[in-house]
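**Q** Single-letter residue listing:
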Amino acid sequence: MLSIHTHEEHTHHILRIQGEIDASNSVQLDESIRSLADNGAKSILVDGSDLEYISSAGLGVFMSYLEDFQEQGVSLKIFALDPKVFEVFKILGLDQLISIFPTKEEAIQEV
Amino acid sequence: MIKLPSIHIGKLSFLLAILVWLALLFVDLTRLFGAINDLNSGIAPEFTWILEILFFITVYGFYNYAINKDARNDFLSLIWRAASTGMFASAIFLLVQLFYILLGESRLADEPFLRNFFYHVHFALVTIFLISSAILWKNLILYQKSKQVVKQWQTYEFALLLAMFFIFFNKNTFDYSFIFGLVILTGLGIVLSGNLKWIPYLTFKEKWKSLLFLFFILLSGSYLFYQTSQFSNAQQTYPINLLDNLFLISLFLFILIYALFSFLVTLFNLPTSSVFEQKLTEAINFQRLSQSIQPEESEEQVLDILIDSCMSAAYADAAWMEMHRLETGTELIQERWINEETRNELSEKISGMKAASQWETETKPDNLSPLALRLDHPKFESILIIPLVVNKSVIGRLVLCKEVKDGFNKEMINIISTFTRQASIAVENHRLLNQAIQNERYQEELKIAQRVQKSLLPVKLDHNESFEICAYSNAADEVGGDYYDTFQLDENRFVLIIGDVSGKGTSAAFHMSQMKGIFQSLIQLDLGASEFMNRANSALSRCLERNHFITASIFIIDTSNHTFLHARAGHVPTLMWEKSKNKADFLGVDGLGLGILRNMQYEKHVEEKVFSFESGDILLLFTDGIVEAKNQKSQQFGFERVRSLVEVYHHLSPREIQTKLIDSLHDFVEGDGMIDDDYSLMVVKFN
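Chains A and B are the protein sequences, given in the same order. Per this note's numbering, the very first residue in the first sequence carries number 13; after that it's consecutive. Per this note's numbering, the very first residue in the second sequence carries number 2; after that it's consecutive.
You may find that some hints are simply not true.
[To be verified] If you want the footprint, here are the derived chain A segments under chain B, 3+ residues with CB under 8 Å:
| no. | region |
| --- | --- |
| 1 | 66–78 |
| 2 | 99–106 |
[To be verified] Okay, derived cross-link-like pairs now, EDC-like style, lysine to aspartate or glutamate, Cα gap no bigger than 20 Å in a straight line:
| no. | chain 1 | residue 1 | chain 2 | residue 2 |
| --- | --- | --- | --- | --- |
| 3 | B | 631 | A | 64 |
| 4 | B | 634 | A | 64 |
| 5 | A | 102 | B | 609 |
| 6 | B | 634 | A | 32 |
| 7 | A | 102 | B | 591 |
| 8 | A | 102 | B | 586 |
| 9 | A | 102 | B | 608 |
| 10 | A | 96 | B | 586 |
| 11 | B | 631 | A | 62 |
| 12 | B | 634 | A | 62 |
| 13 | B | 634 | A | 94 |
| 14 | B | 631 | A | 34 |
| 15 | A | 96 | B | 591 |
| 16 | B | 605 | A | 107 |
| 17 | B | 634 | A | 34 |
| 18 | A | 54 | A | 42 |
| 19 | A | 96 | B | 629 |
| 20 | B | 605 | A | 79 |
| 21 | B | 631 | A | 99 |
Hints were generated in silico from the structure; no laboratory data involved. Source: prediction; values computed, not measured. Cβ coordinates follow ideal geometry from the N, Cα and C atoms, glycine included.
Take these sequences, add in the hints, and give me the full structure.
**A** Okay, structure coming up:
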């Protein structure tokens with residue numbers, strides 16, 4: 013089960029992910045991020061506090077926006093990841109490419 | 002061995018019949034000679050009677066054989082056979098009479114021998130006519146066999162057999178016992194004559210023909226009967242009475258009664274014949290519809306039969322059929338006796354009607370029934386709209402048009418509904434069948450893919466006496482994205498690789514084969530571990546889809562100095578059991594997955610390290626399918642379980658450790674099929 017909610021806080025777009033992301037629903041995540049980017053969002057913060065599991069297909073979604081966002085000057089940050097989920101990002105090495113913060117405040121402060 | 006000639010029953014009984022008749026003639030003429038010359042020939046009448054019975058039986062034998070042998074026993078040819086026999090017998094007899102008229106008062110006309118000869122001819126012809134007709138009638142009566150009818154017929158046959166021998170009992174006198182027997186046999190004959198079920202199956206034209214034939218049978222039968230009674234009246238000329246036989250007389254009555262019944266019933270069936278024919282056509286159409294489910298036939302053929310069947314069932318003057326297609330909207334499939342202009346006029350009128358629009362918007366297609374409408378159109382005054390429902394959705398409609406008002410009655414609508422349902426089932430089955438065939442083919446293709454992919458993994462793993470190695474891989478679907486391989490660089494140096502494509506199934510399998518191609522080429526260049534990953538990243542970046550990546554680990558083992566060089570590209574860390582420390586740990590090397598950074602930046606994100614090993618140390622390479630496997634409570638197998646298993650079983654051989662790991666993984670998820678990702682592992686134990 014996966015549910016994604018987005019809301020705006022100042023200049024930031026918060027993307028709240030609840031549940032598990034696997035091959036069957038990674039498209040949903042892709043669509044959410046794409047629609048934010050298409051609407052001109054410059055700062056996307058992903059709230060991972062309720063993300064229970066992410067499969068390689070889900071990681072592939074984040075990965076596929078890396079270069080595009082770099083070119084467009086869009087910042088994508090993830091915060092409040094469960095240690096186990098963070099481990100998955102870390103094993104793949106994505107923590108070196110995507111900024112991952114323990115809390116929302118730290119993510120906002122970091123420029 | 003004496004070879005017995007096969008006995009031909011037909012010919013044999015035919016021959017016997019002739020011989021018996023000749024014997025009969027001879028006996029009777031001898032007796033006549035004796036009577037004329039006042040000599041006692043000493044031939045008892047019983048002798049004649051026995052020959053007579055023999056003659057009956059042989060004739061029966063012949064016809065029973067000849068008629069049943071003829072496979073082409075349609076009703077008309079049966080009746081025609083009886084009619085022709087009757088007419089032939091009558092014609093012969095007429096010729097004989099003509100002959101006597103021509104003779105006039107000459108001496109020959111009174112010649113008793115000649116008269117007796119003709120008497121015997123008449124007897125033979127009458128017998129043949131009666132027995133052959135009786136067998137033909139039997140075929141007609143038993144057309145629709147039921148146990149009861151068969152019993153009735155057998156009773157009648159038995160009674161006839163008794164009647165043959167009745168002559169011994171009453172000595173050929175006309176007494177009450179004769180009348181009694183005659184009444185019983187005639188009664189049985191009348192009961193049997195009620196079986197006329199063959200008549201409705203005749204077409205209108207065949208009925209007329211059969212009327213004509215039956216008329217001939219009645220005519221010739223009556224004539225022969227009349228002649229027979231003439232002979233009885235002139236008994237003094239003939240020394241023996243052959244014709245006043247209970248068997249013959251009752252058979253005579255039976256033949257005539259059945260012919261009369263058939264004649265009358267056929268006559269009265271004529272007006273309703275078209276209804277029966279219509280029903281028969283409907284039944285045949287129904288059969289055609291249900292048979293047209295062959296995969297090689299198209300839906301159009303089924304619908305073609307449907308429209309024709311419905312039109313003939315409703316006597317429709319015109320019809321057309323439309324199908325709803327997702328891509329092209331409504332499409333015309335068939336039209337009959339109607340042009341596009343009229344069709345459009347009618348369509349407009351239909352859509353303008355309230356009942357029709359309500360009908361169109363019905364939400365449950367199963368509830369839809371044919372809709373009969375009255376139309377205000379110069380040519381067609383009533384129409385019937387029939388929905389074509391396949392798999393609970395309306396796939397189209399059939400419209401029947403008639404030039405008369407209220408042209409569709411309840412029976413027509415019922416039969417048309419049945420036709421349509423049958424056709425819909427045929428179409429549905431046809432679609433399902435094609436789908437099943439398609440699926441079958443995909444399954445076959447997948448099996449081939451599975452076989453090909455299996456062959457991409459090495460059967461023999463390169464190693465020397467310094468270490469033992471084994472590996473295992475299992476795909477969640479038919480094919481998967483996990484990969485492992487080994488390569489011997491020189492006498493002491495070996496490369497081990499394990500890789501995992503993101504995602505699973507067919508797309509992962511294709512990427513896996515690309516990975517193998519790239520790894521196999523790079524491996525031979527004898528590169529360093531991080532350089533290997535650099536080049537692999539650059540090559541894979543060119544062929545991976547944007548949201549796909551590959552994780553891999555590489556080990557370059559040098560058995561001469563007991564070290565290995567290791568790099569990890571985003572792959573799950575490798576577990577190493579160190580005998581000296583008596584514990585297992587995951588090797589800490591940083592590295593980014595392949596295909597994530599598709600430029601030169603990648604080399605900053607991958608590192609390599611050298612590790613040394615000792616005898617008894619174990620390396621466990623695996624893919625994330627193992628640690629991410631979940632049980633019913635949604636718990637993951639996890640790294641710690643892997644670690645503790647290796648710590649417990651470190652003393653076993655690589656093969657045994659592998660088995661222990663896979664078994665406990667299966668125990669954890671409760672069943673092999675429960676792991677929804679590809680998983681692989683490779684165990685190395687240094688000696």
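**Q** Confirm or reject each hint.
**A** Outcome of the hint check:
{"no.": "1", "hint": "66–78", "verdict": "holds (count 9)"}
{"no.": "2", "hint": "99–106", "verdict": "holds (count 4)"}
{"no.": "3", "hint": "B/631 with A/64", "verdict": "holds, 13 Å"}
{"no.": "4", "hint": "B/634 with A/64", "verdict": "holds, 13 Å"}
{"no.": "5", "hint": "A/102 with B/609", "verdict": "holds, 17 Å"}
{"no.": "6", "hint": "B/634 with A/32", "verdict": "holds, 14 Å"}
{"no.": "7", "hint": "A/102 with B/591", "verdict": "holds, 9 Å"}
{"no.": "8", "hint": "A/102 with B/586", "verdict": "holds, 17 Å"}
{"no.": "9", "hint": "A/102 with B/608", "verdict": "holds, 15 Å"}
{"no.": "10", "hint": "A/96 with B/586", "verdict": "holds, 18 Å"}
{"no.": "11", "hint": "B/631 with A/62", "verdict": "holds, 18 Å"}
{"no.": "12", "hint": "B/634 with A/62", "verdict": "holds, 18 Å"}
{"no.": "13", "hint": "B/634 with A/94", "verdict": "holds, 18 Å"}
{"no.": "14", "hint": "B/631 with A/34", "verdict": "holds, 13 Å"}
{"no.": "15", "hint": "A/96 with B/591", "verdict": "holds, 17 Å"}
{"no.": "16", "hint": "B/605 with A/107", "verdict": "holds, 14 Å"}
{"no.": "17", "hint": "B/634 with A/34", "verdict": "holds, 17 Å"}
{"no.": "18", "hint": "A/54 with A/42", "verdict": "holds, 17 Å"}
{"no.": "19", "hint": "A/96 with B/629", "verdict": "holds, 11 Å"}
{"no.": "20", "hint": "B/605 with A/79", "verdict": "holds, 16 Å"}
{"no.": "21", "hint": "B/631 with A/99", "verdict": "holds, 17 Å"}
In terms of the numbered hints stated before, the structure departs from none.
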